[in-house]
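J.: Residue strings, one per chain:
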Amino acid sequence: MAHKWKLSRFNRNVQIEGQGGRILYNSLTGAIATIDSIEEIQLQSLSKKNDEKGKLSEILSTLCENGFIVSEQQDELLQASQLHKSLKNDTSTMHLIVMPTEACNFRCTYCYQSFQHGSMSEETIRGLKNAIKNFAQRITHLSISWFGGEPLLAPEIIADLSASFLESCNANNVVYGADMSTNGYHLTKERFQELLGLHVRRFMITLDGIGESHDRRRKLSGGQSTYGRIIENLKAIRDVDGLFVIDIRINFDEQNLVNVPELLNELSLLFKGDRRFQLLIRPVGCWGGPQDDRIPVCDRTSADYHLWELTNQGIELGIPLSETIGDSLLPSGSVCYAAKSNSMVVSSNGNLHKCSIALDEDTNRVGKIHSNGNMDLDMEKISMWTDSGEETDTVCQSCYYRPSCQGNHCPLYRMRTGKRPCPHEKRKIKQVLNLLWREANSINI
Amino acid sequence: MKLIRPAI
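Going line by line, the protein sequences match chains A and B.
Residues 1 to 445 in my numbering are what the first sequence spells out, letter by letter.
Residues 446 to 453 in my numbering are what the second sequence spells out, letter by letter.
Simulated coverage check for chain A against chain B, where a stretch passes if three residues somewhere in it have a Cβ under 8 Å from a Cβ of chain B:
#, stretch
1, 20–34
2, 320–333
3, 428–440
In the BS3-like style, the derived pairs of lysine-lysine whose C-alpha atoms are separated by at most 30 Å in a straight line are:
#, chain 1, residue 1, chain 2, residue 2
4, A, K428, A, K340
5, B, K447, A, K6
6, A, K4, B, K447
7, A, K428, A, K88
8, A, K272, A, K189
9, B, K447, A, K272
10, A, K85, A, K340
11, A, K426, B, K447
12, A, K430, B, K447
13, A, K428, B, K447
14, A, K88, A, K426
15, A, K88, A, K133
It should be emphasised that the hints constitute simulated quantities derived from the structure, not laboratory data.
No experiment lies behind these values; they were computed from the predicted model shown.
We put the CB at the ideal spot given by N, CA and C, even for glycine.
Assemble the whole structure, with the sequences as input and the hints as a guide.
T.: Next up, the structure:
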């Protein structure tokens, strides 16, 4: 039977910068490939002819296997819809963002938090242990993100909870993994090794410049500097023999934009060749905190430009690109945790939230955890976070990036502004695909 | 044609 093929509606096809050839990306399969100009002619002529499947050339077969071309009968919109439903109905996994304390030793100039609550209460600690003990009997994966505040102001709570989580997971063959967002000030080599033992394998640590250009933005609550100590900690961690990833995050706005290149040079000197240290650059935003009217944020056009321009500078200096960038292009890879039904933020007083930013907003107070492990949940509020994506937006439904973000990259942004929350990666997909291509080449060389 | 990342 003759087959007629079509190009997938979820393809993106961009020029390789500075040379011939194209980069193909498909958001339903996550595949990325390069083709030369002859192969592109084959690809573009595809829709003009019928082909026996058995007679597809080797290249067209590979394109087919990776989702770049699909049978003309294939209902791709239905496939995208099914992907979205499967994510919404996933009950086999759980992701908790846990705040062992909401206190912080830093007072960063652009922070959105109010530091209202200190360390996690005994009642909440008991509740979390009991909740995981119960959940572990019916899930296959548990993922914990240690967050705060500054989580390393409460290392004993992290150790206590981790031991209990690991015990529950081991007893039920549940795959356990953890990551941590920390300012790095208390992440000594000894503390780091202890955390590796507790299965914390991914860390995000922020540096905003070298020395004073970092310190004026990310200082201690008493105003003292922090850069020197964080760098000393990172150097000590570099000497640890182990499997882990450190995302070095750089937050930029108009104030420190000029200081980022010298920081990239420094990071290259310190970590070039060690693929465990990776680069993640993000623009600062007005995230709803008390300092919003004093933050010199870049406008969207400027932020989009500098984000990938600076990231490219880092890659050219030999600093590996954060894996989170490539992962965000996978199917469901750009869906925010706040939009996932199996994800929850647990604050230190036992309140449950969907979003880790708007902690004080009523729509984001979605429940409470009790000491016996039971969770009171407001399903109506939760659905505001999980059901406000592609199902409400016809533009998202027809977008090539739909399988990746499902209209749910940031439900908070959509709620607050009424605008579509397109991810940074989608807005500059040409630059991002070229970055991933260059990164892949640098690994293979 | 060169695959940078195959379909999952």
